[in-house]
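Residue-level listing of the chains:
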Amino acid sequence: MSLQSDRDRQSFDQSARLVPRQGGRPVRIEKARKPLQALYRLIIYLLPHRWSLVLVILFVVLSTIAGLGGPYLMGVAVDRYIASKNLAGLAQISVAMLVIFLMGNASDAASSWIMARVSQAALKRLRKELFEHIQVLPMSFFDTHPVGELMSRLTNDIEAINQAVSQNVVSLLSSVLLMAGILITMFIINLWLALASVVVVPLMLWFAEWIARYTRKGFRQLQKQLGSLNSVMEESISGQRVIKAFRRNQSVIEAFRQSNQEVYKAAVFANSYALLLMPITNQLGNLFVIAIAGLGGWLAIQGLTTVGDIITFITYARNFVNPLRQLSNIYNAIQAALAGAERVFEIIDTPPEIPDAPNAYAMPSLEGDVRFDQVYFGYNAEKPVIKNMSLEAKAGQTIALVGPTGAGKTTVANLITRFYEINKGRITIDGKDIRQIKKDDLRRQIGLVLQDNFLFSATVMENIRYGRLDATDEEVMEAARLAEADHFIRQLPQGYQTVLSERASNLSQGQRQLLAIARAILADPGILILDEATSNVDTRTEIRLQSALLRLMEGRTSFVIAHRLSTIRDADQVLVIRDGEIVERGTHTELLQQQGFYYQLYMSQFRGEPI
Amino acid sequence: MKDIGELLSFVKPYWKKSLLALILLTLVVISDLAIPRLVQRVIDQGILKGDMQVVIHTFLLMLAISVTNMIFAIGNNNLSVQVGESVARDLREALFLKIQSFSYGNLDRLQTGQLLVRLSSDTTVFQRLVQISLRIGTRAPLLMIGSLIFMFNTDRNLALAMMPLLFLTLVIIVFYVSRTSPLYMTVQKKLDKLNTLLQENIAGVRLVRAFVRRDYESQRFEVQNEEFTERNIKVMQFMATMSPVLNAMVNIGIVAIIWGGGWQAIQGGVTTGQLAAFINYLQTTLSPLMIMGNLANVYAAASASAQRIQEILTTQPEIQDLPDAQPVPELIHPKIEFERVAFHYNSNYETPVLRDVNLEIRGGQKIGILGSTGAGKTTLLNLIPRFYDVTQGELKLNGADVRQLKQDSILEQIAIVPQETVLFSGSVRDNIRYGRPQASEDEVIAAAKAAQAHEFILNLPQGYDTHIEERGVNLSGGQKQRIAIARALLMRPAILLLDDCTSAVDLETESKIQAELETWMRDKMVLFVGQRISSVMNADQIIVMDQGRISAIGKHQQLLKTSPIYQEIYASQMGNGVKEGV
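In order, the protein sequence lines correspond to chains A and B. All residue numbers for the first sequence refer to this note's numbering, where the first residue is 1 and numbers rise by one. All residue numbers for the second sequence refer to this note's numbering, where the first residue is 1 and numbers rise by one.
Note that these hints are calculated values from the structure, not bench results. Some hints could be false.
What the hints assert, rightly or not - Okay, derived cross-link-like pairs now, DMTMM-like style, lysine to aspartate or glutamate, Cα gap no bigger than 25 Å in a straight line:
no.: 1; chain 1: A; residue 1: Lys-124; chain 2: B; residue 2: Glu-217
no.: 2; chain 1: B; residue 1: Lys-396; chain 2: B; residue 2: Glu-337
no.: 3; chain 1: B; residue 1: Lys-98; chain 2: A; residue 2: Asp-369
no.: 4; chain 1: A; residue 1: Lys-394; chain 2: A; residue 2: Glu-584
no.: 5; chain 1: A; residue 1: Lys-424; chain 2: A; residue 2: Asp-369
no.: 6; chain 1: A; residue 1: Lys-124; chain 2: B; residue 2: Glu-508
no.: 7; chain 1: B; residue 1: Lys-49; chain 2: B; residue 2: Asp-90
no.: 8; chain 1: B; residue 1: Lys-193; chain 2: B; residue 2: Glu-217
no.: 9; chain 1: B; residue 1: Lys-193; chain 2: A; residue 2: Glu-129
no.: 10; chain 1: A; residue 1: Lys-128; chain 2: B; residue 2: Glu-227
no.: 11; chain 1: A; residue 1: Lys-439; chain 2: A; residue 2: Glu-132
no.: 12; chain 1: A; residue 1: Lys-438; chain 2: B; residue 2: Glu-217
no.: 13; chain 1: A; residue 1: Lys-124; chain 2: B; residue 2: Glu-226
no.: 14; chain 1: B; residue 1: Lys-561; chain 2: A; residue 2: Asp-538
no.: 15; chain 1: A; residue 1: Lys-128; chain 2: B; residue 2: Glu-226
Claimed, not checked - Residues from chain B that face chain A, not an exhaustive set, calculated with beta carbons under 10 Å:
no.: 16; residue: Asp-32
no.: 17; residue: Ile-99
no.: 18; residue: Gln-131
no.: 19; residue: Leu-198
no.: 20; residue: Arg-213
no.: 21; residue: Pro-244
no.: 22; residue: Gly-261
no.: 23; residue: Leu-275
no.: 24; residue: Ile-279
no.: 25; residue: Pro-352
no.: 26; residue: Asp-401
no.: 27; residue: Ala-415
no.: 28; residue: Glu-455
no.: 29; residue: Asp-506
no.: 30; residue: Gln-531
Claimed, not checked - Restraint-style ranges between C-beta atoms, simulated for each label pair:
no.: 31; chain 1: B; residue 1: Pro-327; chain 2: A; residue 2: Ser-508; range: 39 to 47 Å
no.: 32; chain 1: B; residue 1: Val-117; chain 2: A; residue 2: Pro-202; range: 38 to 46 Å
no.: 33; chain 1: B; residue 1: His-57; chain 2: A; residue 2: Leu-36; range: 48 to 56 Å
no.: 34; chain 1: B; residue 1: Pro-13; chain 2: A; residue 2: Leu-55; range: 50 to 58 Å
no.: 35; chain 1: A; residue 1: Ser-231; chain 2: B; residue 2: Glu-568; range: 42 to 50 Å
no.: 36; chain 1: B; residue 1: Pro-13; chain 2: A; residue 2: Ser-231; range: 26 to 34 Å
no.: 37; chain 1: A; residue 1: Gln-250; chain 2: B; residue 2: Pro-13; range: 18 to 26 Å
no.: 38; chain 1: A; residue 1: Leu-55; chain 2: B; residue 2: Thr-186; range: 23 to 31 Å
no.: 39; chain 1: B; residue 1: Arg-179; chain 2: A; residue 2: Val-54; range: 53 to 61 Å
All C-beta atoms in this analysis are idealised placements derived from N, C-alpha and C, irrespective of residue type, glycine included.
Same shape as in the complex, but just chain A:
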């Protein structure tokens, strides 16, 4: 037997847990496109634990039997022993009742206990597979899926699956079993009373469905309104400085008020229906009891039933209402889980990067001759971003890539690292096609310093060591010294052990750049790509970075992408890229003499400069 207000408790449990995990937003109402397929694939994750699951089912059945048997014995006790004043029998049946009740409770605990481990083990595996798959997804995937969106999707979806697997599956099973069991037992005990009770059931189901329909509609509307309120809030808060400067606070507040009022209306509608389920089923539960008492009374006087049966029935009635109330909750949760699972599987099903060819070369070290032979590339086939590009970089040379924004400079760099696969032509390193080289070896030999370098929330030491995991502390510090980062690192509160905060907001741009350079020095790659490595710092800081960069470039084939022409002067070759094509090439002085596109770029930078 369970407590009367299980539904109260459940709604509490959920709200209490919703707070930290989902930010208190209302339940999402959504459906999977192919629920059966998602379900099938989720079940695969549970299969390794099938014996545990069998045990869970066993315990659920036991608990159902106890839930049915307890009240039945109660009726027997009243009719047979209390009515016949049999004290010894009463004691015996009481002990039997106690045993059955406690067995039921123990079974409940056991099934939840086992299920906790099963569900979490399955989820752990799902998370692991997901993470490992993310590690091999093609780079283009991340172009179309921004981090924030991806993160909120993953966390919400996995949490939805978690809720369903760890709680709802067992409650669904036990609810259905208990309800079926109660109905059957009722018919066995007394046909007439059972028939009367059965009339109440469709009434309840109809109410539940009626409410659910409006609830779904209401929440959909609420979600829409919340969405627009959120964008109003986000825009006005992130743009607040401008709003203030242009004294537009009043109109912004007006827009907010309107949107806020719409949310209020939608929320009142949605929640009025959503929360109605409890009071209504509560009262229907009462109605159930009343019907049994009334009809039972009449039947008992006719001699068609006994007081004990009525007491049993009333208890059954109360127990019958609880699972019924939970069913619609469980239904929604399972729907949400399946929709979430579908999205998670979508990621897992995204084809990974092209794997290495079976006969791919290992490349533990390289000279650094890089060649492009008539390379074509486009993110989609119709729109080539790189057209007929040929270039040759000899080992140790510095190649500057120059051109307007969007000309394709960064794409060139991404092709060398094989972040993207070319459509046509050939890229070779030391004469070997890069598609024939083991991808890991290839990437290990290429160092990247980007415009906005990513630092992990870890210590400075760990961040530099990311370049070479087996480096000793001394080697890390040596790399930092070469990158001219040692000095400022030592001035940080805990030196090399200082933990960088998320996105390293406790460092300046220039300092972050120096750490990235140190990291690249430690990795000791044969080929180096500097993608706008100094464009986020002001020109004076840049000069300081420059000497560290020069040291890094020493003896390596370097591709330098920069918009500041001053960094390009010393390159062995300057390649001018425009609309995905190399339009001019040569040294800085040669190109100036040509008076072509480069000359124009150059002159517009320093136009009218009297010297």
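Let chain A serve as the given structure and place chain B on it in line with the hints.
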């Protein structure tokens, strides 16, 4: 605790509805309690005495009670929802108004993300507390007290016998509840770690790939995944025992009633109907205990949220007009004076952002400001419209200390183009008209032309009616900057502040804009911050800033000769190659 109390003032306007909700709830509880008693009557007076009249009467009475009860319950439900949502709406509005009143200094200390969380989640959490309190909160104690009274009323000895059981249940609930939040907190911590790892892995994907750290990352993830899973299993297993243990208590009670009560019934002490009623009451007494236990969780969450909400609501805007603040007269000949100005963002910061700034600028001048990042250029600009107040010294606008002036009247005559372009969703036209919504079409076009934006705007799909998506994703950086400049020009300001706002505009266009400014801002004042020497070169005066000080002021040629910092910046941008090449 205290914070929840403070926020209760938001419920006050709805006290009538709240009271009505509680009255309805009380009625519901009372009739809920009456039902077992009436069932008992059916058994004792009806069935056992064979009196059909009693059965029928009681049945009809119960039916009537149940129907009115349902109406009351629905009423309570709707009122609670209304009050809860009204409170949430009012809280959101209060927070939003407060945030709108914040000045730059306040905003620096808060992150947009945090503020949004407070506006959405924290208000929702509090709303839930209000709504649940009205819907269930009072139901629990009422039910419990009511059941206890009825129990004692039905049979005093049996009721007394139940007391140790009730007490034990209470202890068990307190035990579980007191552990719930801290336990979930430990799980949440592990989950946060796991999520941070995932987030950094995705955000830093280029790096992870370039350094081939797949296995390393997977290993780290596996460790966190394992830790989180184990922790979560432990907590879930602990929580899984709560409801069976409590149910066991109820069951023990029921068996005790059947046995002890049955024994008494055999002796003739109690009737069968009383036994049935007793079992019902026992259930209704224990369940409120559990509800209250869970309410404690909601309360704890709401208390944390209330604290965060209060933090915002009690923050005073740093900059407020003095009670006797005067409006600025029309600035026909604007004049700005900095007198020994120093500024730091917060008082315990060791190095001030600006120090010892003395400066006088008059109308008709175009002033360029140059210096490395962190030199204080933006701060200097932000002091003029009083986005921040000086820490020391004085800033005067046409002879009056800005702190004595009404800020709105200053802002009416100053236009600013910030470094980071912010556009709003709406048409291009609405964005340009942002500072002067009543401006005519001709004025809008004139401003756009001066900002060199007219041509590209005409080339947009719907020209001036083109909708700017959120944060202007459908425009290039240079286009956004030019719209922001047009927006400022349309205000016909007496003072125009441009904060490095042409960085994404090509040099030719930049010089056209500068030429337009000459006529547009004739006799007025323009201050512009630049990174490139080429953008400040032609200014009437160039202010060179270095580590919060004005290091030099003068014209280009003059500074080239006298200012080492200017020379250094010049060299870094032009390099030696320029001299060779040109």
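Structure-based check of all given hints:
no., hint, in the structure
1, Lys-124(A) - Glu-217(B), "16 Å, holds"
2, Lys-396(B) - Glu-337(B), "5 Å, holds"
3, Lys-98(B) - Asp-369(A), "62 Å, violated"
4, Lys-394(A) - Glu-584(A), "18 Å, holds"
5, Lys-424(A) - Asp-369(A), "20 Å, holds"
6, Lys-124(A) - Glu-508(B), "58 Å, violated"
7, Lys-49(B) - Asp-90(B), "60 Å, violated"
8, Lys-193(B) - Glu-217(B), "14 Å, holds"
9, Lys-193(B) - Glu-129(A), "18 Å, holds"
10, Lys-128(A) - Glu-227(B), "13 Å, holds"
11, Lys-439(A) - Glu-132(A), "17 Å, holds"
12, Lys-438(A) - Glu-217(B), "20 Å, holds"
13, Lys-124(A) - Glu-226(B), "7 Å, holds"
14, Lys-561(B) - Asp-538(A), "22 Å, holds"
15, Lys-128(A) - Glu-226(B), "10 Å, holds"
16, Asp-32, "7 Å, holds"
17, Ile-99, "6 Å, holds"
18, Gln-131, "8 Å, holds"
19, Leu-198, "7 Å, holds"
20, Arg-213, "7 Å, holds"
21, Pro-244, "4 Å, holds"
22, Gly-261, "9 Å, holds"
23, Leu-275, "7 Å, holds"
24, Ile-279, "7 Å, holds"
25, Pro-352, "18 Å, violated"
26, Asp-401, "20 Å, violated"
27, Ala-415, "8 Å, holds"
28, Glu-455, "18 Å, violated"
29, Asp-506, "7 Å, holds"
30, Gln-531, "6 Å, holds"
31, Pro-327(B) - Ser-508(A): 39 to 47 Å, "41 Å, holds"
32, Val-117(B) - Pro-202(A): 38 to 46 Å, "44 Å, holds"
33, His-57(B) - Leu-36(A): 48 to 56 Å, "54 Å, holds"
34, Pro-13(B) - Leu-55(A): 50 to 58 Å, "55 Å, holds"
35, Ser-231(A) - Glu-568(B): 42 to 50 Å, "45 Å, holds"
36, Pro-13(B) - Ser-231(A): 26 to 34 Å, "28 Å, holds"
37, Gln-250(A) - Pro-13(B): 18 to 26 Å, "23 Å, holds"
38, Leu-55(A) - Thr-186(B): 23 to 31 Å, "28 Å, holds"
39, Arg-179(B) - Val-54(A): 53 to 61 Å, "31 Å, violated"
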